[in-house]
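Going line by line, the protein sequences match chains A and B. In terms of UniProt numbering, the first sequence opens at residue 1 and continues consecutively. In terms of UniProt numbering, the second sequence opens at residue 1 and continues consecutively.
All the given hints hold, so there is nothing to weed out.
Cβ-Cβ distance ranges computed for the label pairs, FRET-style:
hint, chain 1, residue 1, chain 2, residue 2, range
1, B, Pro-231, A, Leu-189, 55 to 65 Å
2, B, Leu-355, A, Asp-313, 17 to 27 Å
3, A, Gly-45, B, Glu-316, 49 to 59 Å
Below 35 Å or equal to it, Euclidean Cα-Cα: the simulated DSBU-like pairs (lysine-lysine) are:
hint, chain 1, residue 1, chain 2, residue 2
4, A, Lys-18, A, Lys-48
5, B, Lys-323, B, Lys-292
6, A, Lys-25, A, Lys-182
7, A, Lys-48, B, Lys-294
8, A, Lys-48, B, Lys-292
9, B, Lys-312, B, Lys-323
10, B, Lys-292, A, Lys-35
11, A, Lys-18, A, Lys-217
12, B, Lys-294, A, Lys-35
13, B, Lys-301, B, Lys-323
14, A, Lys-182, A, Lys-18
15, B, Lys-312, B, Lys-50
Over 10 Å on every C-beta distance to chain B, these chain A residues come out as not near it, computed from the model:
hint, residue
16, Leu-187
17, Gln-224
18, Leu-285
If you're looking for bench data, these hints aren't it; they were derived computationally from the structure. These numbers come from a predicted model, not from an experiment. We put the beta carbon where it would ideally sit given N, CA and C, even for glycine.
Next come the chains, spelled out residue by residue.
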Amino acid sequence: MSTETLSLSRAMNEGLRKAMENDPKVLVMGEDVGKLGGVFRVTDGLQKDFGEARVIDTPLAESGIVGTAIGLALRGYRPVCEIQFDGFVFPAFNQITSQLAKMRMRSLGTLELPVVIRIPFGGGIGAVEHHSESPEAYFTHTGGLRVVACSNPSDAYTMIQQAIACPDPVIFFEPKRRYWDKAPVELDLSAAASFESAVVAREGTDVTLLAYGPMVKTCLEAAQADEERSIEVVDIRSLNPLDESTVMDSVRRTGRCVVVHEAPVFNGYGAELAARITEKCFYHLESPVLRVGGFSTPYPPSRLEDHYLPDLDRVLDAVDRTFEW
Amino acid sequence: MTIDAARGAPPSTGAQSPSAPPELVQLLTPEGERVEHPEYDVELTADEIKSLYRDLVIVRRLDQEALALTRQGELGVWASLLGQEAAQIGSGRALRPTDMAFPSYREHGVAWCRDVDPVSVLGLFRGVNHSGWDPREHNFHLYTIVIGSQSLHAAGYAMGIQRDGGDDAAIVYFGDGATSEGDVNESFVWSAAQNAPIVFFCQNNQWAISEPLERQSRIPLYRRAEGFGFPGIRVDGNDVFAVLAVTRKALDNARSGQGPTLIEAFTYRMGAHTTTDDPTRYRLEAELEAWKLKDPIERVKAYLVKNQMADKDFFESIDDEAKTIGSDVRRRCLELPDPEATAIWENVYATDHSLLAGERDQFTSYLGSFEEVTR
Ligand SMILES: Cc1ncc(C[n+]2csc(CCOP(=O)(O)OP(=O)(O)O)c2C)c(N)n1
Ligand SMILES: [Mg+2]
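This is chain B alone, in the form it adopts within the complex (with noise of 0.2 Å):
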């Protein structure tokens, strides 16, 4: 069975590829240029920069040992950031400590923006938790792996922003893969027809597992935004500079009353979708290498050496930083107790419940019965 091409396929003119190249607001090219943008800037300080390339250098080092616990049988899964760092790093630094964000799975690098300590980050994956930090303690909330659930639960949070007064502002993430769910969609129509102070991050790291953009829509993403009735922008996802201004006005926006904006930023899942996932079955060893020389770690590098902001001895000491950060993240990530089989009762209500201590006092006294048998 074929598809009839007339009635079948996307129509060939007019509707622009959904993953065609930009259309995107650029700020540090990927050799390193400073490069204008008509509506969008950002001014930052030498150290301001060294600070922004300090956290994409960690987060990345944090990626690796993540990726070695995982291969080394000490983690179940791992949720790969390569490549990501600077979607994560510009959009979290552009984000106040009172702002709200609502992550999927993928989101480490905007954890470390909002001081989650990156071992708890890790319980998930290892199976010890479903979630180790207290998302109000952080302003950064659970993560999600039903995906697009949050975007409901950001603008809700966002419309209590709203009737709090003052000028917070929720961000909530996604992919591209994340834009054909429902509940993404029905968040678009709530936090546009409510107006709310939310922007909507969506980093097009070009797959979903295994499925291209292709699968989900015709036109870029950032389009869709415009349909709903709000602001779409499409952002160089690797350029961490562009990233911080445009999460910025969007942020800015939303605080002064003028609703939501779609980001799209583009960028590249330079890894697998999980340990568990193997993508050679599915794409091309070309593409990964054409976005290698998009690297965002890279260009702010050669910024800051063709600038004269920083020496080899600053390059090092941030490595050092890193290496130090990523073993001690390993060995406290061993260290995390199993948990007790108690814990699977626990947090489940408000208050004792009644099924719930019958199932657990029965299964104790089970669990005891070995311990008679073996002592």
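Extracted from the complex, chain A is given alone in its bound form (with noise of 0.2 Å):
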């Protein structure tokens, strides 16, 4: 076992690296990601290393990023795919939802799809429109996708790699506003745990907290800072297939959940976990399962960031209300 403390950013560089070393069927591409490094440095020093045939500054081109990927895919390739933004993977939604993510069903499972795309998500960072969006519902909702997210360093680390090597297509979400954040990594990936499995990030007895990507460490903190109320949060880590057993064990034990994403409420991902919570631990609950998130308005000009992002107080509301019933 040995660890090293990596920011997301550069772990996730880490787990590229590795996997492209592994295997020299796996590709990046996407845009800036050569020279620059990608805007937010994920591929830093990748191109040099391995060379432009395998790290690709694509033309501007966001469905053809996805459906070159796919062909290249069909000819033995492991392309892993960098969408610059979130708001920038709706030119290649085709590609992604009717191409990618049928063909193997659609081939009679003759074909194989190993194509990651891996999209920096949500907000806090002050950006302007289509810089700070939330999508993963559209993919979680489409069948033959896998969907993941992970919420620090070494999750970024392991479960790319773990992405990258799944003979499915891979929608990968990180937390952009995450990226700088630092932790101890684990780089030796024989006791990691899969990446379809979600974990206790914090234990607790009273409720649980469900998230992914950026609201992990808002609801640990917001776990932290509440000192009359044990609370648990769970890691989802995999949006689909979803762990439902980690999940339901959890909300079994606390009888209280709330569930915070930073995509719109309405329709969110946050609507599914209670659902099949209110399906599955009908006699277990308390109180209803509730949801924090996004408003179902465009995402505001950052000034108002804060208020439509889901913060501590918020999380620490919600967690209150479960109390009143």
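Could you fit the two chains together into a complex? Lean on the hints.
Rendered as structure tokens:
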């Protein structure tokens, strides 16, 4: 076992590097991923070390990035695509949802599409429009895609390698406002949990907070700040498939649950969690599952994003409400 | 892994490097000499030239003010137009008030030509709104950040003009990188098939963030037009006379039923892509130095001086005016009010929307609960 303290961005970089070393078929492609190393430096130095044939500065065309990744995958490669920001994935939406997601089934299982699409997502960085969105539900709603989100450097390092090794397409969400957070990273993958599993990020007995990506840290801080109640935090990690047993075990123990994400609450991923938990844990619940998230509006100008984004207070306010029943 | 050169690399002969210099329309050299072009010319009075000079100086000054505001944390980010003043002023001044312009996010100079208050351009970058002007009032559409999307809007708008009659035209601005997007190519197809009255104004500033034009194209961009069935022309984007002449002609063609034109304004992004970018990671200082010699403002100044159209007092007065406008914009930028929280739910729909009203009311009373505590 060996650990190293890395930022989330650096951990992603090391994970990609490992995957490229281990498998010559792994390619990295996207806008500005070469010399610049990506706008978040996730691919820093990869082109220098692996060459332009394996680290491709693509034309400015997202449909093309995913469409050609599909072609490369059909030819035996394992492309890892970078979409520069969440709001720019939509030009590729057809290729992802109608092509990539369906090809295995349409080919009666003969075709394999090991394509990873990395998307820095979420807000909190004071950016202009289209740079702060949380589009995960569009993809969890599409059969044929695996959808995961990392929340910390260790998971970033591990999960990207697991995603690349996966024979199915994976939409890989990275919490952009946490890119510069540092933490020890376990470099040996042999004992790592499967990237399909949820993990209990903090144990507690009174209420369960369910989160993924950037909101895991927010929930951990909320749990820490609450001196009266013992709050458990579960990092969902894999949105599709969902690790139901970890989630339900936790909720059965605590009897209360709040789901937190940045995406709009209405029709968001939390709706799926709430429905499922209600179905499976009905007799264990002391109160309804509550949801905290963004609003049913376009993402607001950055000077309003602190209102839009769930923070400690909004999470704890919801926790309070679960005790009002 | 390397790519088999014979199969993987573009052919070294035949195809012209996409950024190989011109083939371009130039009417004013970097040294300020007037030159002839067989097809293009502009007749400009001394006052008109001085007015163009004023525009160029003011928009550069406003740009510097915005960069300073960003450094001081008053703007979240800024996309500088430095180096592209002539491309924007030349094309912007070729428009009639009733023509419609569709910008990307860097066209602050065109905004100036459309009488958009520079402060309202800053709102988006300050994060107080997504846009600060009424597009219909100025015939200047919203900034569009998702690369290339606006090109189809312009094509559709031009189809509307066509159906209404009259002789207005639409112009759409996008960058060299944007020419790779599907939407831009679809807008070429649409406009050609519909013979729409539209001008595609591509500012080839040589870079799409860190990617040089070679990543997007094997041929000069203006030559793409031919394949779509309309004329393409490359103009010295740092020559305000030539840009004005070429854009006027393209607009006239659109007005008279001859359909679209692609203008490639050959220019250079003198600054970083935006204030969050670090160009030293990917481009050489020497390139910047070479383009400094082609400055769009200096050549107009040289021309005015050489032809005794303007004296020291004129240049000083323009500098003073630019300074005054700049500090006024700075002051009013700092005074821009932060929006109220309830603005989140405003203008999303035309009429009341129960879901949004519920969210707004709930959030307002949630915020109110803090006031009760602190009171
Ligand atoms: C659809 C989309 N993909 C990616 C981006 C991120 N992005 C912003 S500007 C830019 C480069 C644009 O280059 P170009 O079209 O040449 O315009 P310039 O910025 O040079 O004016 C990129 C990739 C975006 N805004 N929209
Ligand atoms: Mg460009």
